[in-house]
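Visitor: One letter stands for each residue in the lines below.
There are 2 protein chains.
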Amino acid sequence: MIKYPQIIKSLFLCLILVFSSMIHAEKVSPNHNGINYPIGLKNWRVISTSFRTDNKTQRVILGNSIAIKASRAGKTKPWPKGSILAKLVWKNSQHPKWDAAIVPGEFVHSEVMIKDTEKYKTTGGWGYARWIGLSQQPYGKNKSFAQTCLSCHTKAKDSDFVFTMPAKIP
Amino acid sequence: MIKYPQIIKSLFLCLILVFSSMIHAEKVSPNHNGINYPIGLKNWRVISTSFRTDNKTQRVILGNSIAIKASRAGKTKPWPKGSILAKLVWKNSQHPKWDAAIVPGEFVHSEVMIKDTEKYKTTGGWGYARWIGLSQQPYGKNKSFAQTCLSCHTKAKDSDFVFTMPAKIP
Numbered sequence: 001m002i003k004y005p006q007i008i009k010s011l012f013l014c015l016i017l018v019f020s021s022m023i024h025a026e027k028v029s030p031n032h033n034g035i036n037y038p039i040g041l042k043n044w045r046v047i048s049t050s051f052r053t054d055n056k057t058q059r060v061i062l063g064n065s066i067a068i069k070a071s072r073a074g075k076t077k078p079w080p081k082g083s084i085l086a087k088l089v090w091k092n093s094q095h096p097k098w099d100a101a102i103v104p105g106e107f108v109h110s111e112v113m114i115k116d117t118e119k120y121k122t123t124g125g126w127g128y129a130r131w132i133g134l135s136q137q138p139y140g141k142n143k144s145f146a147q148t149c150l151s152c153h154t155k156a157k158d159s160d161f162v163f164t165m166p167a168k169i170p
Numbered sequence: 001m002i003k004y005p006q007i008i009k010s011l012f013l014c015l016i017l018v019f020s021s022m023i024h025a026e027k028v029s030p031n032h033n034g035i036n037y038p039i040g041l042k043n044w045r046v047i048s049t050s051f052r053t054d055n056k057t058q059r060v061i062l063g064n065s066i067a068i069k070a071s072r073a074g075k076t077k078p079w080p081k082g083s084i085l086a087k088l089v090w091k092n093s094q095h096p097k098w099d100a101a102i103v104p105g106e107f108v109h110s111e112v113m114i115k116d117t118e119k120y121k122t123t124g125g126w127g128y129a130r131w132i133g134l135s136q137q138p139y140g141k142n143k144s145f146a147q148t149c150l151s152c153h154t155k156a157k158d159s160d161f162v163f164t165m166p167a168k169i170p
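Going down the list, the protein sequences come from chains A and B. For reference, each letter of the first sequence is one residue, going 1 to 170 in my numbering. For reference, each letter of the second sequence is one residue, going 1 to 170 in my numbering.
The set of hints was computed from the structure by calculation and includes no laboratory data. C-beta atoms are modelled at their ideal positions from N, C-alpha and C, and glycine is treated no differently. Do not rely on the hints blindly, as some may be mistaken.
[Claimed, not checked] If you want the footprint, here are the derived chain A segments under chain B, 3+ residues with CB under 8 Å:
#, region
1, 50-61
2, 115-129
3, 138-146
[To be verified] To give an idea of the interface, some chain A residues facing chain B are shown, with a C-beta separation under 8 Å as derived from the structure:
#, residue
4, Pro30
5, Gly34
6, Lys42
7, Asn43
8, Arg45
9, Val46
10, Gly74
11, Lys97
12, Lys168
[Unchecked claim] Computed cross-link-like contacts, DSS-like style, restricted to lysine-lysine with a CA-CA straight-line distance of at most 30 Å:
#, chain 1, residue 1, chain 2, residue 2
13, A, Lys141, B, Lys157
14, B, Lys56, B, Lys119
15, A, Lys42, B, Lys143
16, A, Lys75, B, Lys157
17, A, Lys56, B, Lys27
18, A, Lys42, B, Lys141
19, B, Lys77, B, Lys27
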């Protein structure tokens, strides 16, 4: 039974943080408000999942290192500056061999929320962005699209405009 | 528009692999078949999600570096030796501010499948393990529990006993 020291864990998390911040190549066009797609996003850790009964979709919610640290410490009211929450959303699909299992079908979109009270003060302290489909086309026609995001997220003002409630993970 | 070289990405993934393999502390009891809980598991990357309409649960499916590499390359028939697939499962819960959103409530269990055709030849080439609840109690009363897993997973024999179909992620 080997117990590795805490320093190794910290080093590991630190390396993820440093390298994640380096790995954001620029293959996808930015949103109309200038927000770039964080390419390392699909390697981020899980905060939660959810599915919606109205539009028949399911999603996973990921976080960058700042968001993961905050969510695991329960310090999300407010989320700290630099937090990025990301959703990957799929249409529901029936599993071919398990009738009761509903699995991800067509990819719908990626979306992010970036916390920066000053930079995004016109949209409640969060910068919003969304890219449609596997080809990751920027959402909306001009930068006013983010007001649409805000109008919905205002329902969650009590939880810093965030609907996601971090899932309990042992 | 800076393009970071592929070597940085490779180094990053390699570091995750090396450190992940080091970080498996021993806080949780092994299953009756001797399989230990991979403590780094909650930091693993996402392969897919799903929800079940029968037992009202939702889950995220994560993979260790070997499994992630295989799933992203589409090389999962069969999954390579050393692949570990992990599920984190929650009871469904109604989002308090969004009627159509079903979010993770009570944590149900973690479970893993470890691919090793020789080591786990009596259970179809996969070692199965499950830990119940946030306290992560080993599942089952003796090592025969894995036959229960196998009897169900045999339905997915055509896909190397794995139900999970990797989600499309851009």
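Visitor: Hint numbers the structure violates, sorted upward?
Guide: 2, 3, 4, 5, 10, 13, 14, 15, 16, 17, 18, 19
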